[in-house]
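Visitor: The chain contents come next:
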Amino acid sequence: GAVVSQHPSRVICKSGTSVKIECRSLDFQATTMFWYRQFPKQSLMLMATSNEGSKATYEQGVEKDKFLINHASLTLSTLTVTSAHPEDSSFYICSAGGGGVYEQYFGPGTRLTVT
Amino acid sequence: DAKTTQPPSMDCAEGRAANLPCNHSTISGNEYVYWYRQIHSQGPQYIIHGLKNNETNEMASLIITEDRKSSTLILPHATLRDTAVYYCIVGYGKLTFGQGTILTVHP
Numbered sequence: 083g084a085v086v087s088q089h090p091s092r093v094i095c096k097s098g099t100s101v102k103i104e105c106r107s108l109d110f111q112a113t114t115m116f117w118y119r120q121f122p123k124q125s126l127m128l129m130a131t132s133n134e135g136s137k138a139t140y141e142q143g144v145e146k147d148k149f150l151i152n153h154a155s156l157t158l159s160t161l162t163v164t165s166a167h168p169e170d171s172s173f174y175i176c177s178a179g180g181g182g183v184y185e186q187y188f189g190p191g192t193r194l195t196v197t
Numbered sequence: 139d140a141k142t143t144q145p146p147s148m149d150c151a152e153g154r155a156a157n158l159p160c161n162h163s164t165i166s167g168n169e170y171v172y173w174y175r176q177i178h179s180q181g182p183q184y185i186i187h188g189l190k191n192n193e194t195n196e197m198a199s200l201i202i203t204e205d206r207k208s209s210t211l212i213l214p215h216a217t218l219r220d221t222a223v224y225y226c227i228v229g230y231g232k233l234t235f236g237q238g239t240i241l242t243v244h245p
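In order, the protein sequences belong to chains Y and E. Just add 82 to the spot in the first sequence (first one is 1) and you have my numbering. Just add 138 to the spot in the second sequence (first one is 1) and you have my numbering.
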């Protein structure tokens with residue numbers, strides 16, 4: 083299957099600071115990228131869907147001004163958690179796909195800890 | 139997206155086939171059935187997907203009933219590395235993850 087990378091794999095930041103997470107599709111052009119969040123012992127929750135060159139579509143309850151998503155190219159999407167707080171500590175996972183019915187390929191995830 | 143129902147956990151002996159069921163009685167005509175799995179602290183891994191026909195790839199087989207209200211994922215020869223949470227998802231494009239089935243493969 084396709085390869086998706088995320089950077090960093092783990093980050094610790096102080097409350098009030100911003101953190102940027104990168105998601106790259108290494109061997110295919112991803113029309114659509116998705117961002118998920120997963121709290122301990124819970125399932126993945128979709129945060130937003132982004133199509134290259136257009137604004138992201140956020141799921142209900144996800145603050146678009148707090149979780150900034152940029153999808154400037156077919157191989158790179160970034161998620162910036164602005165003014166992070168301890169409750170934002172979570173496992174953030176991106177996925178990339180060709181859109182529509184096509185399967186999604188997931189990155190390895192980024193563990194964010196806000197102190 | 140249609141909702142799915144999966145057993146919370148299953149066990150399987152190494153080398154035997156693992157058959158993971160999924161009910162999706164409210165599936166609509168254009169929705170696909172996707173299977174993913176997640177090993178602890180990793181991103182999910184795509185396994186297989188299908189619309190109405192049975193599908194097979196190098197990882198697994200997907201059997202979809204004729205009325206499309208349920209499906210079964212078959213891992214033909216389970217290994218210890220197949221221990222994971224398996225998610226059955228029904229939809230088109232966007233994936234909504236449920237709680238999945240924790241499959242434990244034991245020696």
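Quick caveat, the hints were computed from the structure, so don't treat them as lab data. Since the structure is predicted, the reported quantities are computational estimates derived from the model, not experimental observations. A virtual CB, placed ideally from N, CA and C, is assigned to each residue, including glycine. Each hint should be verified, as a subset may be incorrect.
Calculated cross-link-like contacts (lysine to aspartate or glutamate; reagent style EDC-like; alpha-carbon spacing at most 20 Å) [unchecked claim]:
#, chain 1, residue 1, chain 2, residue 2
1, E, K141, Y, E169
2, Y, K123, E, E169
3, E, K190, Y, E185
To be clear about the criterion: a stretch of chain Y counts as covered by chain E if any three or more of its residues have a C-beta under 8 Å from a C-beta of chain E, and this derived list gives those stretches [said to hold, decoys possible]:
#, region
4, 116-130
5, 148-158
Visitor: If a hint holds in the structure, say so; if it does not, say that too.
Guide: We went through each hint and held it up to the structure:
no., hint, in the structure
1, E:K141 <-> Y:E169, "28 Å, violated"
2, Y:K123 <-> E:E169, "28 Å, violated"
3, E:K190 <-> Y:E185, "16 Å, holds"
4, 116-130, "holds (count 6)"
5, 148-158, "violated (count 0)"
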